[in-house]
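S.K.: Position chains B and C against the provided structure of chain A, taking the given hints into account.
Given next are the chains, with one letter for each unit.
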Amino acid sequence: MNSAQIIQYCLSGITVGSIYAIVAIGFNIIYNTTGIINFAQGEFLIVGAMMAVSLTKVVPLPVAIGLAVVITTVLGGLVEVVFIRRVRDASVLRLIVITIGVSILIREAMLHIWDEKVRSLPYFTGTDVSTISVMGAHISPQVLWVLGVSAVIVTGLTLFFRFTLIGRAMRACADDRMAARLCGINDRWMVTLSFMLSAGIGAIAGCVISPVTQTQYDMGAPLAIKGFTVAILGGLGNSIAAIAAGLILGLLEVLMMSQFQAAYKEAVSIVVLLLILVFRPSGLFARRDLSSLRAF
Amino acid sequence: MDEAFLETKKLHRFFGGLHAVNDVSFAVRRDTITALIGPNGAGKTTLFNLIAGTIPPHGGEVHFGGRPITGWKPHAIASRGIARTFQTTKLFLQMTVLENVMVGRHPRTRSGFVAGMLNLPWTWREHAEIEAKAMAILEDLGLSQYAGQTAANLPFGRQRVVEFARALATEPTLLLLDEPAAGLNIYETQELSELILRIRDRGVTCLVVEHDMSLVMNISDDVVVLDQGQKIAEGPPRTIQRHPDVIRIYLGENHVEDPQS
Amino acid sequence: MGGRRYIPIIVATLLIVAGQPVLWAIARPYYMTQITMSAYYALVVIGLCLLMGYAGQVSLGHAGFFAIGGYTSAVLTTCNLLARQNEVPITCFRSLGLLVERQDLYGQAMLCFSPWAAFVAALLLTAGIAFLIGLPVIRLKGHYLAMATLGFGLIIYRIVLGAPVFGQADGISNVPPFELFAGLEVNGRPPYRVQNYYIAWAAVLAAMLLAINLVHSRVGRALRSIHQNEEAAHSLGVNTFQYKLSTFVLSAVFAAVGGALLTHYNGSIGPSEVTVMKSVRYVSIVAVGGMANLWGALVMAIALNVLSLRGNFGTYDDAVFGMILIVIMLFAPQGLLRMPNLRWISTWFSRRSYG
Chain A
508 MNSAQIIQYC
518 LSGITVGSIY
528 AIVAIGFNII
538 YNTTGIINFA
548 QGEFLIVGAM
558 MAVSLTKVVP
568 LPVAIGLAVV
578 ITTVLGGLVE
588 VVFIRRVRDA
598 SVLRLIVITI
608 GVSILIREAM
618 LHIWDEKVRS
628 LPYFTGTDVS
638 TISVMGAHIS
648 PQVLWVLGVS
658 AVIVTGLTLF
668 FRFTLIGRAM
678 RACADDRMAA
688 RLCGINDRWM
698 VTLSFMLSAG
708 IGAIAGCVIS
718 PVTQTQYDMG
728 APLAIKGFTV
738 AILGGLGNSI
748 AAIAAGLILG
758 LLEVLMMSQF
768 QAAYKEAVSI
778 VVLLLILVFR
788 PSGLFARRDL
798 SSLRAF
Chain B
170 MDEAFLETKK
180 LHRFFGGLHA
190 VNDVSFAVRR
200 DTITALIGPN
210 GAGKTTLFNL
220 IAGTIPPHGG
230 EVHFGGRPIT
240 GWKPHAIASR
250 GIARTFQTTK
260 LFLQMTVLEN
270 VMVGRHPRTR
280 SGFVAGMLNL
290 PWTWREHAEI
300 EAKAMAILED
310 LGLSQYAGQT
320 AANLPFGRQR
330 VVEFARALAT
340 EPTLLLLDEP
350 AAGLNIYETQ
360 ELSELILRIR
370 DRGVTCLVVE
380 HDMSLVMNIS
390 DDVVVLDQGQ
400 KIAEGPPRTI
410 QRHPDVIRIY
420 LGENHVEDPQ
430 S
Chain C
68 MGGRRYIPII
78 VATLLIVAGQ
88 PVLWAIARPY
98 YMTQITMSAY
108 YALVVIGLCL
118 LMGYAGQVSL
128 GHAGFFAIGG
138 YTSAVLTTCN
148 LLARQNEVPI
158 TCFRSLGLLV
168 ERQDLYGQAM
178 LCFSPWAAFV
188 AALLLTAGIA
198 FLIGLPVIRL
208 KGHYLAMATL
218 GFGLIIYRIV
228 LGAPVFGQAD
238 GISNVPPFEL
248 FAGLEVNGRP
258 PYRVQNYYIA
268 WAAVLAAMLL
278 AINLVHSRVG
288 RALRSIHQNE
298 EAAHSLGVNT
308 FQYKLSTFVL
318 SAVFAAVGGA
328 LLTHYNGSIG
338 PSEVTVMKSV
348 RYVSIVAVGG
358 MANLWGALVM
368 AIALNVLSLR
378 GNFGTYDDAV
388 FGMILIVIML
398 FAPQGLLRMP
408 NLRWISTWFS
418 RRSYG
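Residue numbers (my numbering), protein chains in the order written: chain A, 508 to 803; chain B, 170 to 430; chain C, 68 to 422.
Derived from the structure by calculation, the hints contain no laboratory data. Nothing here was measured: the structure is a model prediction, and the numbers come from that model. It cannot be assumed that every hint is accurate.
Straight-line distance between alpha carbons at most 20 Å, and here's what the computed PhoX-like set of lysine-lysine pairs gives [what the hints assert, rightly or not]:
(1) Lys208(C) / Lys178(B)
(2) Lys242(B) / Lys208(C)
(3) Lys259(B) / Lys242(B)
(4) Lys178(B) / Lys242(B)
(5) Lys624(A) / Lys564(A)
Coverage of chain C stretches by chain B, computed from C-beta distances (three or more under 8 Å per stretch; other residues unrestricted) [said to hold, decoys possible]:
(6) 101-115
(7) 187-197
For glycine and all other residues, C-beta sits at the position ideal for the given N, C-alpha and C.
Same shape as in the complex, but just chain A (with noise of 0.2 Å):
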């Protein structure tokens, strides 16, 4: 293997791996406020994508995204708004159920309204075979969209979740959400208000990845297992720690492809998952007696 295969491998490793950082944080966002484990995460990402691919036949592109990044956070609310508020204090086991029959529900919809088919966005810019010579290395202009985009959605998060009031307020939901509720804040809205964050930053990121990957209404799962084995691996509720994590999965899938059969990609993460769960369920980058205080 050359340099440039190798910098072509790992580019391609980081493109993946930021899509996963970024379904991961999605995760987080909902953990945090809510201590739930959203099962629908990745249907997200399919829905904001399957709309902007319907949206292009009658606006332009970028306002077709931008469309459809609202209606997915506008389901994203509706969906705690519907399904979430009515349990407040259920057990575990009734809100993993509940979320896993919503993203049956969203997949199903998604299945009755498009179909089976495989879709995709066009490229951003230029098309499928234009490339960018980068060190030696062919790679495609979508790959730079990907990473420029997770750079400025984690950007943003950061920014919103440190200056904004809202973004203020969330946090200190995600700290204590008593004390957070006794200082006036709106608990319920910023619960509500933390779906419809990590619904749209999943649509934008469905978005972005749907001309290299492509559209299917049942890839949302596959996602979703991804996406948590990188919240998992960085520790829950940690969303620096997943990109980080995001990129260590992303280039260990693209190792794996380049030394064994493409049929087993999908089981590297879920070998990682297990191996995580099993050996480190607070994380990489946590100190394990810190976390076991948790509930759970």
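M.R.: Leaving out everything else, chains B and C in the frame of chain A:
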């Protein structure tokens, strides 16, 4: 002094950077009531959890009946004869009071998965024994009229006693009581202290974490004082009451009298 | 002892025996096929009900155990060992009576494992895998356990899809019938319909009997205590880990029995049995039945599977199960039969005299 029945040797436990239990060595004599006191956050409950096996120690040893039980799992420790109650009662709320106590018979009975699935005749006899023993304990503690009630429906004070009954059903030789008087009124506390004394007189050694000083001073034979994870005093109640360090942590510097006076 | 708990079993037996001629009389013999298949799926549900409802542990990977049972049976009874019949392990198996000679569809001679040997091997293998998986996984709680079991199910799915020995996307077909005793065989062909209706239901009733006995035993009490307060149960001498693990293995074996028998009945098994959606379906049936309610789970398993197999849900099959999950969890987390205006059914059925 008698041979120690329960003994901890240089126990340590950390939570992150917090040294929750720091080099604690103490002993409990057989057939006595020993009280473990100290201000909030002194490490009393952590020490309890170390003895009961809920969390492993980061250093040191626990000996029970002359043999080490350090690092054993709670179920193994329960089978050896240490039973416990919890600071906030942990009953099986959807089960009846009788069933709660029947679970307590678990370490003294043996029918397993296969026998249970096949409903073998010898398990019937065991079941009858479990029920009879559990019922006898309930009667002894004056709870028999609640036997068929769901535990969640009992008033708080009764739930405490059910937890006692459940712990006694394991036939312990050492009973760990974590703040048994918390949330009880003075009449209930009075009843409770009589109950603890009765249990001790039947040969069950008791180790009690308690905030209620009158209860501690009335019933205990020995008192161990913890502060910030360390043992600062140990002895009979009379001595402890006059111990300057104890007075200081409970009442503040100004109340320490000149030991000569 | 505890005779009252057997009343529903007797009632169920009478219903089953009465149901057969009724179905036959209203000229719906092919309904019987669907009910028979549902009965095998019900075995999975009964096991999962023990794990989820009583021990309080979720598993999103039970389709994996069903598949291990089914695929092991299928592989062992369809692999032709004739070419290697003189090699040492094969001759050993032969002298132990584990092999049978038969002819395939085209009249070719075959030497395979007998269905009994394959069945026992399938159960042992499932128990072994469940034990090895459970060893690390059952220590996890809540979301972590759900995800880990889901991951296990996905790995089995990937293996089945990827490995040629399991027929990849086509699965394994031409699995021979399973002769239990002389004249009694698990066989899906029309002449065997009545016989198989009774075989499947006998298996279900046996499973129910074992499960009900277990729930009412010392072990059942310990399991419920773990479910309600694990720390307290542990402090009372219940080896919580061992009990959860044993229940996990037990429920996996129930699933494998269902998988193996259904494979012989259908004569085939394919990857569609191993999807995550199948696992989710089993979970939703247990949830609808009321979690800790074996009879509720059984009734729902039969009802929903028959409707699903008959194609009553059309292309909305998965959506129906998703909807059921959500509606039940939102409005009736105690299960359909515990809803206020349906409660008489459950009091009649379950009579919770756990003594």
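S.K.: It remains to establish, for every hint, whether it holds in the given structure.
M.R.: Hint check results:
1. Lys208(C) / Lys178(B): violated, 33 Å
2. Lys242(B) / Lys208(C): Within the cut-off at roughly 18 Å; holds.
3. Lys259(B) / Lys242(B): holds, 18 Å
4. Lys178(B) / Lys242(B): Since the Cα atoms of Lys178(B) and Lys242(B) sit roughly 18 Å apart, the hinted pair holds (cutoff 20 Å).
5. Lys624(A) / Lys564(A): holds, 16 Å
6. 101-115: violated (count 0)
7. 187-197: It is violated: at least three residues are needed, and the segment 187-197 of chain C offers just 0 whose Cβ sits closer than 8 Å to chain B.
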